[in-house]
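End of the sequence shown = 238 in the numbering used here, gap-free, step of one.
Heads up, none of these hints are tricks.
In silico DSS-like cross-links for lysine-lysine, where the CA-CA straight-line distance does not exceed 27 angstroms:
1) K96 x K172
2) K111 x K73
3) K64 x K111
4) K96 x K64
5) K133 x K73
6) K133 x K64
7) K111 x K40
8) K111 x K133
9) K73 x K40
10) K64 x K40
These are computed hints drawn from the structure, not numbers from a lab.
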Amino acid sequence: MSKEDSLNENTSNIDEDFSFERSVSKLLANLAERVQSINGQLVYRCELDKLFETLVLLKNTETLNFSQLTDLTAVDYPDRLKRFELVYQLLSIENNKRVRIICSIDDGQIVPSVTSIYKSAEWPEREVWDMYGLFFSDHPDLRRLLTDYGFEGHPLRKDFPLTGYVEVRYDDIEKRVAYQPVQLTQEYRDFDFLSPWEGDQELVYSSLNRIGEVKIGSNEGGDT
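Let the sequences and hints guide you as you build the complete structure.
Dropping the structure here:
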């Protein structure tokens, strides 16, 4: 391919990209506001009451055909008036284009599930509920996804304590998972060899006794 042909092809691609972006912006003119375009990925913001309609149009418009929801996540901004951002990543395989829809919501605001539009949203919505506490209405099975039953709080919220509220371990005596309050030694590190976290206690005692038997100045256990 000559340099001129390559230049013409690049120009054609730019024209196609511009035409595609213009088509998306025209379609969403009354629903969402374009923010920017990064490496061919369009970014739009929309209000919560326009979210469902926006996604339906992007998927069902034949010339766009954003048929896949590749990801759905959230971001916590505690200092903002609308604390959370929901981020929807869409892919058009036919056009090899991506679009990102961002929706800002208040804490406690109910979000419509988009599982009726994109079946792949089912588990990501469960994850967002589990990690951030954002509730999705009309979800077919809105249970926690990553944390345990009875878990307190939502770990990816910025106000969730770094240490959590309880620690979980397997109790070998009771043969079950045991919960206990988090115990963190302050000021200095304290290695508690009697803790159930430290494994075989008989092995610990044996090691400590062995250390106590070695006399100072002795060559046992290595040169001094």
